[in-house]
Amino acid sequence: MGNTLIEKIIMKNTGAANVTPGEIVTVNVDRVMIHDIFIPFVADKFKEMGFTKIWDPEKVVLIYDHLVPTSAVEDIRHFKIGDQFVKDYGLTNVHRSDGVCHQLMPEQGYAKPGNIVFGTDSHTTTYGGVSCFSSGVGYTEMASILGTGEMWIRVPETIKVIVNGDLPANVTSKDVILRLIGDLRADGATYKCIEFHGDTFDKMSISSRLTMSNMSIEAGAKAAIFAADAKTAEYSKVALEDIDWIYGDDDASYCQVLEYNAADLVPVTACPSQVDKIKDVAEVAGTKVDQVFIGSCTNGRLEDLAVAAKILEGKKVAPFVKLIVTPASREVYLAASKAGYLSTLIKAGAILTQPGCGLCCGRACGILSDNEVVMATNNRNFLGRMGTSKVQIYLGSPATAAATAVAGVITVPEM
Amino acid sequence: MSKVWKFHNDVDTDQIIASQYLLLPDIEAMKGYTFESLDPDFAKKANPGDIIVAAENFGCGSSREQAPSVLKALGIKAVIAKSFARIFYRNAINVGLLVIVVKDLYDGVEQDDEIELDTVAGVIHAGDKDYACTKLPDMMQQILDQGGLINSLNAEEE
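From first to last, the protein sequence lines stand for chains A and B. For the first sequence, the residue numbers in this note's numbering are 1 to 415. For the second sequence, the residue numbers in this note's numbering are 1 to 158.
Please keep in mind that the hints were generated in silico from the structure rather than gathered at the bench. Built from N, CA and C at the ideal position, the CB exists for glycine as well. Keep in mind that the hints are not guaranteed to be accurate.
Unchecked claim - To give an idea of the interface, some chain A residues facing chain B are shown, with a C-beta separation under 10 angstroms as derived from the structure:
| hint | residue |
| --- | --- |
| 1 | Lys45 |
| 2 | Leu67 |
| 3 | Pro69 |
| 4 | Ser135 |
| 5 | Ala221 |
Based on the provided sequences and hints, a complete structural model is requested.
Here you go:
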């Protein structure tokens, strides 16, 4: 009997000859990420636990992204506490304005294939796109990892998702993961790992894979991991022969198998206010929108801005719609600028904001009010996520978002 | 006896405590906004000792530990749900909030019912019916009795 991908990562990490689902094991943490919202709480708990030093400061990454730049005076408190923590414990991996944590972790090489990574954010699952076992934890557990370098975990069962074939031109990885969440439901993968198989995923860019791993938490997944291949090696700047062990064995045991034909998939959207309330975009087409958001750790990468620019090239955003575009990182911002995407978007009438979490976490850059409708490329449409609890949030791909911005109503993209 | 607050499927962490309140300096300042989007007066109406009874996937969404923390700060005695989201469940135990999985209680009680939870015997008395709930392992009971993981570990050291 072979092993699933996550079992292999855990075995390599712990040196165990075998692990099986349900087993509790203690792993050595390769990297942790803390962001600006939770650093004050982590710092508090760390002191409360009586630790005086961090197990390995080089393995800790602190990222300011939710509050950058500040939108309220009280935000500054978080930076002050964070900066003091950096000074007190000798942190060196600190990003104060470089972009969203889940973009920076793989992009800057902090989360490498085969690593076990924890972060104080549920979308830490993102790094499964570069073949990491990564998951979110609370601040008490983060403080405990900072002191010990260890974490106990339950070896999860794995759901195998197989997709083969070519996706239709107007279907992106966002549509694939939304469809999957709709089928699994919001708790269908709770405590489980999702493993992606099939040539559709082989053909997918790392950016598209990161989108899928990012959103897997919306089905409750503990992790969602792709096998490592040449693209992974190139993106993460490691040798392929060092990471080619990261795949699920053919004879591994899976708790559930879901299979799709890529050609059958269509653009879909998560309707207000649950991420698993999935409908074909065609079913809600014509719904008037007040705002469109293209950005976030889910879909704020270069290829997402490229798709948006392609659709908006030579067109104008509908006059009553605010199109807000937020690149996921400084690197993405710069690359999109060099490629000319930003000028295309600006000419079309987009409002371009600085890299960061921005509107996705509902703190800045386009807060909405009662009964307003937004089509957004981020990962959550929960009540009150982007303003008041009466905002109607639809989640879709960058292509759907861009087409919607032009039409002013929810629109099936044509590519 | 404890008053029941009934919640549906997929109650997410944004509903428990919305993102904009995470910037408040501490849990005491946040707790007044608990469940604000579902019931703006929840924090005023809830009393210490009350119990939340929910359907599937309670606490889905973000990793914010403030979600179980505000419930604990309001004195919520326990959350009894058909199932919990993973991060919420771990966080709840770490902060000392009792979380119990019971599949059939949700359909047997109404909002404002009075129920009695006996974790030692592992039973919930609701009206004329009893529901079995898993007895907590001693270690977990001890963590909860001492108010969370840190207190419990500190007590061990002493």
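Just to be careful: measuring from the Cβ of A:Pro69 to every Cβ in chain B, is the smallest value less than 10 angstroms?
Hint violated; A:Pro69 Cβ to chain B Cβ min 14 angstroms, cut 10 angstroms.
Answer holds if the nearest beta-carbon of chain B is closer than 10 angstroms to that of A:Ser135; otherwise answer violated.
Because about 8 angstroms separates A:Ser135 from the closest Cβ in chain B, which is inside the 10 angstroms limit, the hint holds.
Tell me if the interface restraint on A:Lys45 is satisfied: Cβ within less than 10 angstroms of some Cβ in chain B.
holds (7 angstroms)
Does A:Ala221 pass the interface check with chain B, least Cβ-Cβ distance below 10 angstroms?
Since chain B brings a Cβ to about 9 angstroms from A:Ala221, closer than 10 angstroms, the hint holds.
Just to be careful: measuring from the Cβ of A:Leu67 to every Cβ in chain B, is the smallest value less than 10 angstroms?
holds (8 angstroms)
Of the hints listed earlier, the one the structure fails to meet is number 3.
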